[in-house]
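One letter stands for each residue in the lines below.
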Amino acid sequence: MTEQLPPLSTGGWFRWIWRQFTSMRTALILLFLLAVASIPGSIFPQRGTNPLKTKEWIADSPTWGPILDRLGFFEVYSSPWFSAIYILLFISLIGCVLPRTAAHWRAMRTPPPAAPRNLSRMQSHAILEGADESSIDRAAEYLRAHRWHVLRGETNGVSWVSAEKGYLKETGNLLFHLALIFILVGVAVGGLFGWKGNVIVKNGDGFSDTLTQYDVWGGGRFADPANLPPFSFTLDDFRVEFDRAVAQRGSPKLFEADVTYKANPESAGEPARIEVNHPLEVDGAKVFLVGHGYAPRFVVRDSTGEIVYDDTVVTLPQDGNFTSTGVIKLPDTSPQLGFDVVFYPTLQPGSIVSAFPAPDFPASYLAAWTGDMGLDSGVPQSVYKLDKTSMTQIGRVPALLPGQTWTLPDGAGSISLVGYERWASFQIAFDPGKEIALIASALAITGLMLSLFVRRRRVWLKMSPSPDGGTVVEIAGLNRAEGGDVIADIQMVTEAAVGKETS
Amino acid sequence: MTPAELAQASNSAVYASMLVLTLAMVFFAFSFAAGRRRVTALATTEMVESEGGAAVITRTEIIDPIVPGRRTANIAMSLTWLGTALLLVGVVLRGLWAGRVPWGNMYEFSISAALGILVVYLGFSIKVDVRWLGLFVVIPTLLTLGLAVTVLYTEAAQLVPALKSYWLVIHVAAAIICAGAFTVAAAISALALLRGRAERKAAGAEVTGLTERMPSQERLQIMANRVIAFTFPLWTFAVIAGAIWAENAWGRYWGWDPKETWAFITWVVFAAYLHARSTAGWRGNRASWIAIIGWATFWANYFGVNLFINSLHSYAGV
Numbered sequence: 001m002t003e004q005l006p007p008l009s010t011g012g013w014f015r016w017i018w019r020q021f022t023s024m025r026t027a028l029i030l031l032f033l034l035a036v037a038s039i040p041g042s043i044f045p046q047r048g049t050n051p052l053k054t055k056e057w058i059a060d061s062p063t064w065g066p067i068l069d070r071l072g073f074f075e076v077y078s079s080p081w082f083s084a085i086y087i088l089l090f091i092s093l094i095g096c097v098l099p100r101t102a103a104h105w106r107a108m109r110t111p112p113p114a115a116p117r118n119l120s121r122m123q124s125h126a127i128l129e130g131a132d133e134s135s136i137d138r139a140a141e142y143l144r145a146h147r148w149h150v151l152r153g154e155t156n157g158v159s160w161v162s163a164e165k166g167y168l169k170e171t172g173n174l175l176f177h178l179a180l181i182f183i184l185v186g187v188a189v190g191g192l193f194g195w196k197g198n199v200i201v202k203n204g205d206g207f208s209d210t211l212t213q214y215d216v217w218g219g220g221r222f223a224d225p226a227n228l229p230p231f232s233f234t235l236d237d238f239r240v241e242f243d244r245a246v247a248q249r250g251s252p253k254l255f256e257a258d259v260t261y262k263a264n265p266e267s268a269g270e271p272a273r274i275e276v277n278h279p280l281e282v283d284g285a286k287v288f289l290v291g292h293g294y295a296p297r298f299v300v301r302d303s304t305g306e307i308v309y310d311d312t313v314v315t316l317p318q319d320g321n322f323t324s325t326g327v328i329k330l331p332d333t334s335p336q337l338g339f340d341v342v343f344y345p346t347l348q349p350g351s352i353v354s355a356f357p358a359p360d361f362p363a364s365y366l367a368a369w370t371g372d373m374g375l376d377s378g379v380p381q382s383v384y385k386l387d388k389t390s391m392t393q394i395g396r397v398p399a400l401l402p403g404q405t406w407t408l409p410d411g412a413g414s415i416s417l418v419g420y421e422r423w424a425s426f427q428i429a430f431d432p433g434k435e436i437a438l439i440a441s442a443l444a445i446t447g448l449m450l451s452l453f454v455r456r457r458r459v460w461l462k463m464s465p466s467p468d469g470g471t472v473v474e475i476a477g478l479n480r481a482e483g484g485d486v487i488a489d490i491q492m493v494t495e496a497a498v499g500k501e502t503s
Numbered sequence: 001m002t003p004a005e006l007a008q009a010s011n012s013a014v015y016a017s018m019l020v021l022t023l024a025m026v027f028f029a030f031s032f033a034a035g036r037r038r039v040t041a042l043a044t045t046e047m048v049e050s051e052g053g054a055a056v057i058t059r060t061e062i063i064d065p066i067v068p069g070r071r072t073a074n075i076a077m078s079l080t081w082l083g084t085a086l087l088l089v090g091v092v093l094r095g096l097w098a099g100r101v102p103w104g105n106m107y108e109f110s111i112s113a114a115l116g117i118l119v120v121y122l123g124f125s126i127k128v129d130v131r132w133l134g135l136f137v138v139i140p141t142l143l144t145l146g147l148a149v150t151v152l153y154t155e156a157a158q159l160v161p162a163l164k165s166y167w168l169v170i171h172v173a174a175a176i177i178c179a180g181a182f183t184v185a186a187a188i189s190a191l192a193l194l195r196g197r198a199e200r201k202a203a204g205a206e207v208t209g210l211t212e213r214m215p216s217q218e219r220l221q222i223m224a225n226r227v228i229a230f231t232f233p234l235w236t237f238a239v240i241a242g243a244i245w246a247e248n249a250w251g252r253y254w255g256w257d258p259k260e261t262w263a264f265i266t267w268v269v270f271a272a273y274l275h276a277r278s279t280a281g282w283r284g285n286r287a288s289w290i291a292i293i294g295w296a297t298f299w300a301n302y303f304g305v306n307l308f309i310n311s312l313h314s315y316a317g318v
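So the sequences go chain by chain: A and B.
When you line the first sequence up against the numbering used here, it's residues 1 to 503, in that order.
When you line the second sequence up against the numbering used here, it's residues 1 to 318, in that order.
Calculated directly from the structure, the hints in this document are not laboratory data.
Given the structure is predicted, the values throughout are model-derived calculations rather than measurements.
Treat each hint with caution, since some may be false.
To be verified - For lysine-lysine, the following BS3-like pairs were computed, each having C-alpha atoms within a straight-line distance of at most 27 Å:
{"hint": "1", "chain 1": "A", "residue 1": "K385", "chain 2": "A", "residue 2": "K55"}
{"hint": "2", "chain 1": "A", "residue 1": "K202", "chain 2": "B", "residue 2": "K127"}
{"hint": "3", "chain 1": "B", "residue 1": "K164", "chain 2": "A", "residue 2": "K253"}
{"hint": "4", "chain 1": "B", "residue 1": "K164", "chain 2": "A", "residue 2": "K169"}
{"hint": "5", "chain 1": "A", "residue 1": "K53", "chain 2": "A", "residue 2": "K388"}
{"hint": "6", "chain 1": "A", "residue 1": "K53", "chain 2": "A", "residue 2": "K329"}
What the hints assert, rightly or not - Partial list, derived from the structure: chain B residues whose beta carbon lies under 8 Å from chain A:
{"hint": "7", "residue": "Y15"}
{"hint": "8", "residue": "A16"}
{"hint": "9", "residue": "V160"}
{"hint": "10", "residue": "S165"}
{"hint": "11", "residue": "I222"}
{"hint": "12", "residue": "P233"}
{"hint": "13", "residue": "I240"}
{"hint": "14", "residue": "N248"}
{"hint": "15", "residue": "A272"}
{"hint": "16", "residue": "T279"}
{"hint": "17", "residue": "L307"}
{"hint": "18", "residue": "I309"}
Think of the CB as a built atom: it goes at the ideal place given N, C-alpha and C, for glycine as much as any other residue.
Construct the entire structure; sequences and hints are all you get.
Okay, structure coming up:
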């Protein structure tokens, strides 16, 4: 006959579900899910870090692109499914850690349980020879001096000592898991209050920290773009060097940006050098040097010979040798005039790519377009692309060298390559949560090491009269970790009990 | 020495190390073969002779306490020490040649990681008799070195500016030790699986075959656990050091760059391993598999992300 289980009440069901949810098995499954769910983010381009590539990917696969996009594969780490996994994991973690903290708190304040009846069954067991009445006192004193939790007692005329050590193991374990929660808090604070922006600054130009000056700016929900720290800087000198040795030809050797910065408009300018790995810290924000490129200078004349453009145009590097592209837009000429610009720092004659990133033999490809570039339609346009839907190409020149002038067909005017300037791109970031995350990480590592390296173990001593009238002291120990032992502890306690000097 | 001589010497030392390690591998393999012969030898020494109707049983015991195969294993151990010393020389000379820590491209990472595997193994061998593990440590080491000298080889060059930071030393040194320790842990875990199968097959009798001279499956699992318990905090540290460096170099401490993502995956898998070790039903074979998966994610990160995925960490130099 099977035993009839009493029906579970609603509360009972809830407790049962909660117990399952906070079990180690659930944590394990959630950890696996988290690992697996992280993978797509390393395979598919992510909108947050690489919006252009993401767009291309979706455009290139009309079937899968939109489906994967809807499923969040291009924003994996903010997708509902990824968030669900880690939120569940953290709830499970809290549900596991809180009761354990309470239990551990109680355990630390209660003395160890009394010595068991039969010590010889323990993992390690020794019988002390040459013991006397005070042996057990000395051992107890030794244990107390070495920060063991000690309980003494007497049962049926047998004096015993029960001692336990290694509570820090569980303390460390709990500290580690709590610290993980605080890392998440740090990340959340950074996400809500932090901001970052990117800006390209040409050599000699300046930047002041207001929203309109940024090329790209993004902030958390509580970041206030109207109240950015009021610093500014000018890029005085930007230097780049490339490796010319055969082994890693063309790889960068040096980036350095000398700037003069002002913490606020009233303060005096101070010089600083920004390098990769050496950001400028000002007003809680950090200014990082993240990239660089070329800005060729052109002079454009219209059909009447009047100068309509005399400026540098920022071109974006497309490959490791800095074949760079950009556009010139002249909406005020009639008809409107536009140029596709490709700048080669080192033109390889007969080729359409640059051969080396340094400006050894600079040249520019140009294509001239006329027509309506669509600037009046009100749709925002990229400054690096011409909208050619209503424009026609009137001609192109494969390689214009500095000092050369290209006379446009049909008397539309001329364009001259005058020279080039360098530009540097900066990322400016403010993250108020990073200190929280850092401190929490340090605590997590500390807790982890305690939980993995501290051994929790118990030692017992028992003193009873021996049949021959002397005293028998038994010592036993137990290490709770698997594969661990207490031999070293037993040895120390034994030496203390017989009165041998131990350090 | 001139740079050219240093380069020559470094490369020679690495090749010499590979040669010596190959010999070590052969000797380790022989020690297993010898182990198997011992069993057959015992079975044939028991003979029954009939002398005038009375049966006399003679049994030749093996008196020599040195088990066959042990001597070859000892030779293999010595060769492993020698190979490690040569590799150390190769790595140091490479650093002298480049005039910096030898961690600027994948060739340098790889020879250092191979050194890391050997150092962790030899460090382990000082405390515990792990000759049975040698073959399974030398093979992945040789594979790593082989890839390094063939596919990944590059001449020493200056560091790219992104790598010019003292965090390179801290972050990469931690990662290299982890590479070694995770590999050793995975090798032990794989052997624990094999040994477990042999134990189940033997059904209580003495285990024979490849894993016969290894510790019991339970001992192997405990050993793997110890190695991982030592490595996990170090890996955590390597990831955090990387985050601090990233904050300084790229303006954010965590950006889900593919390298960071896979480092996180490895971390999560080994966290799962540690949890599995204290979960009923998971502590045995399943935990061993998790350790192997964790190791695979580590090396997938190293080779896969460096060579095939466009990442901020692409410093392969190949």
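Verification of the hints:
| no. | hint | result |
| --- | --- | --- |
| 1 | K385/A - K55/A | holds (15 Å) |
| 2 | K202/A - K127/B | violated (61 Å) |
| 3 | K164/B - K253/A | holds (10 Å) |
| 4 | K164/B - K169/A | violated (38 Å) |
| 5 | K53/A - K388/A | holds (22 Å) |
| 6 | K53/A - K329/A | holds (25 Å) |
| 7 | Y15 | violated (19 Å) |
| 8 | A16 | violated (23 Å) |
| 9 | V160 | holds (5 Å) |
| 10 | S165 | holds (4 Å) |
| 11 | I222 | holds (4 Å) |
| 12 | P233 | holds (5 Å) |
| 13 | I240 | holds (5 Å) |
| 14 | N248 | holds (6 Å) |
| 15 | A272 | holds (4 Å) |
| 16 | T279 | holds (4 Å) |
| 17 | L307 | violated (14 Å) |
| 18 | I309 | holds (6 Å) |
In the structure shown, a violation is registered for the earlier hints numbered 2, 4, 7, 8 and 17, in ascending order.
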